[in-house]
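Let chain A serve as the given structure and place chain B on it in line with the hints.
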Amino acid sequence: MNNILVADEVTKRYGPHIALNKVSLEIPKNSIYGLLGPNGAGKTTLIRIINQIIHPDQGRVFFDGEPLKPHHISMIGYLPEERGLYKGMKVGEQVLYLAQLKGLSKAEAKKRLKYWFDRFEIGDWWNKKVQELSKGMAQKIQFIVTVLHEPKLLIFDEPFSGFDPINANIIKDEILKLKDEGASIIFSTHRMESVEELCEYIALIHQSEKILDGKLSEIKKAYKKNIFEVGMQVENGNILSKELASRFEITSSEFDPIENQLDLKVQLPSSDSSELLAYLSGRANINQFIETIPSANEVFIRTVQSKDAHE
Amino acid sequence: MNKLPLIIKREYLAKVRNKSFIVMTFLSPILMVGMVLLIAFLTKLNDNEKRIISVLNESDYFSGDFLSTKSTGYVHFRNIGLQTAKDSTTNLGYYGLLHIPNEPDLEKVAERAFFYSKEAPSTSVLDNLESVFQERLRQRKLLDMGVSAQDFAVMKDLFEINISTFTGQQNLKGINELKAGIGGAFGYLIMMFIIIYGGFVMRSVIEEKTSRIIEVIISSVKPFQLMMGKIIGTSLAGITQFAIWVISAGLLLVVALAIFDIDPSTLNNGPDLTSGMGVQMSTSIASPNQAMEYAQELYKIPWAMLITFFLVYFILGYLIYSSIYAAIGAAVDNETDTQQFIFPVILPLMLAIYVGFFSVFSNPHGPIAVGFSLFPLTSPIVMLMRLPEGIGEGGVPIWQLVTSVALLIVTFIGIVWLAAKIYRIGILMYGKKPSYKELFKWLRY
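Chains A and B, in that order, give the protein sequences.
Just so we're aligned, residue 1 is where the first sequence starts under this note's numbering, counting upward by one.
Just so we're aligned, residue 312 is where the second sequence starts under this note's numbering, counting upward by one.
Isolated chain A, as found in the complex (with noise of 0.2 angstroms):
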């Protein structure tokens, strides 16, 4: 068994609406998957199916092979996008029972706070109330109390919301240390270059149905257009950028006199850019030669709209 989950066309309808539409996926082990999709698709639908907040009307899903069951709550951590603690309650005690919920026993869940504790370095807060902790770090409190438990599968729902960009890298650094240690990590987000840099896979969803998934950069290889950026110092760039397009089709070129640099895209026919790349090297000074990656917005747009072409 290579897939930590697997849903299999996992319908949710709230009365009219339907919330999701014969969703499948596949989320391999010990990877980071990106659930991307803008607000509204059926993200947090999703996820909370798979936490077993909520039930599907049809369509089933599978957890480490078997089918998702209560006893595998406590295999998943889930941060949720609306997340909170109680106000009144002291830290320490708050972490304590939120980690026997998922089934720890106290001894070993104080154990391990020791060690997170000591890791974020916040071991002074334990007696503190969480209505004296400032936002950010109510949300290390609560990254502790969904890894604590050392789940197989986390989930992070909107996870750099509402922290500083310093302790976005933490807790960015924490998941790929998570990783590492062979937790499998779903993200969902609607930003989605936030966690295109830590995405192994991904998949989008839109209007309740996913419209693409597979590995990150096998989905950008597909959607490239083989498009070459190239920049270069050259004397006289109008006269190399002629010779160029009687040969190759450029799609914009632009030259600075003052600097003599030419920077141009091509198009080229297939993903082989040896031929350009030979005959420019006698006649200019490459600085930078970059095939152009589309980004996930990118390929999130083109499919919408390829999509709503063919509908």
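Simulated from the structure, these hints should not be mistaken for lab results.
Predicted model only: the values in this text are computed from it and were never measured.
Built from N, CA and C at the ideal position, the CB exists for glycine as well.
Accuracy of the hints is not assured; some may be wrong.
[Claimed, not checked] Below, simulated DSBU-like cross-link-like pairs (lysine-lysine); rule was C-alpha separation at most 35 angstroms, straight line:
hint, chain 1, residue 1, chain 2, residue 2
1, A, LYS179, B, LYS533
2, A, LYS307, A, LYS215
3, A, LYS22, B, LYS744
4, A, LYS22, B, LYS330
5, B, LYS314, A, LYS111
6, B, LYS533, A, LYS128
7, A, LYS87, B, LYS452
8, B, LYS744, B, LYS320
9, B, LYS744, A, LYS106
10, A, LYS87, B, LYS381
11, B, LYS330, B, LYS611
12, B, LYS314, A, LYS307
13, A, LYS177, B, LYS314
14, B, LYS533, A, LYS129
15, A, LYS90, B, LYS419
16, A, LYS106, B, LYS748
17, B, LYS330, A, LYS106
18, A, LYS110, B, LYS752
19, B, LYS748, A, LYS152
20, A, LYS152, A, LYS135
21, B, LYS533, A, LYS172
22, A, LYS90, B, LYS732
23, B, LYS752, B, LYS732
24, A, LYS22, A, LYS152
25, A, LYS22, B, LYS320
26, A, LYS69, B, LYS320
27, B, LYS744, A, LYS110
28, A, LYS69, A, LYS225
29, A, LYS152, A, LYS90
30, A, LYS69, B, LYS330
31, A, LYS135, B, LYS419
32, A, LYS22, B, LYS732
[Said to hold, decoys possible] Incomplete in silico selection of chain A near chain B, CB under 7 angstroms:
hint, residue
33, GLY15
34, ILE53
35, PRO80
36, LYS102
37, ALA222
38, TYR223
Okay, now just chain B, sitting in the frame of chain A:
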């Protein structure tokens, strides 16, 4: 692992550590005892004020009739004129002057008698004076008809009709009310408990929603577990509070009464605090003999049965209502939105209390009493008012009790199921306040 005990423990501790809860727990008995002491003190103060009335009796009648009592003193003027008597009364600061003129016969004397006072006299004073005149006049008329003073004294017997059931069980007058009152006290306790602690459950649900912790929790436990844990934990906190109130108020009262040297029996004369029945009791119990009979009747109340059913009705009734409260809390985002939902919940409770006091007291086996003691939303209160009568012959028929409890259990399951559904959907809904129509829609999700 069962997580319910964990949730109950947290809810219980969160409640009993709450500052306002602690303050209420310890302040209430002090306030209550303070009230009792204040009333006792005021009653005593009232008793100590003795009115003195001067009497100028120029007639040959009423010579020994105006005798000083605890609250009214009479000073008799002799051989002075009316004006002098008035002046002296004013100068001495007496309450008023009763002038009885000298006339040939009693009727004329009574007709011409006057009461002078600075302000309009209190009705109790006038009643006292008038009753003396009435008595004397009646006695005189009877004398004219040939009835002697001794015969007259014999005639004054009070009469009370004896009542009995067809099976020959003798009843004391007022005992039905007394019994219903005891049941009513239990019913009232249930109502207060539901309103106070149901509200706590509701606020606790709202708090979980507003602090946004709810989704973290229900990704670990089932919403139903959380709801039940909350209800049970809060009610345990409530029972703790009630126990502290009863014990500490009792102790405080004993201590305070000892310190301030107040005879507890004087409290019965004042407005009764402990039960609505005390007044009726103290006035209707004429002789010690009769008091014994009442005590025997009270002793005959099947206490073990009553307390058992109190617990049954209490637990089921509380669970029904508090799960409705939990559902309301889940449906809204803040407490101000709860009003429109709370009123229909409190309505049956109020109805039960009023119907109980007006209908069950006067007719414990009438159709209204029976109907409301079967209807599950009112039965916890109304049935408890009927139960001190006993079960079976002369009391509540067994079929009614069985039906009532069965209906309550069915309703309990139904309501908790419905409430859990609304709760499950509601806790994840933020934003606008739902209408009844939407709540109904949630039930089908």
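- [ ] Mind listing which of the numbered hints don't hold for this structure, in increasing order?
- [x] 4, 7, 9, 10, 11, 12, 15, 16, 18, 19, 25, 27, 28, 30, 31, 37, 38
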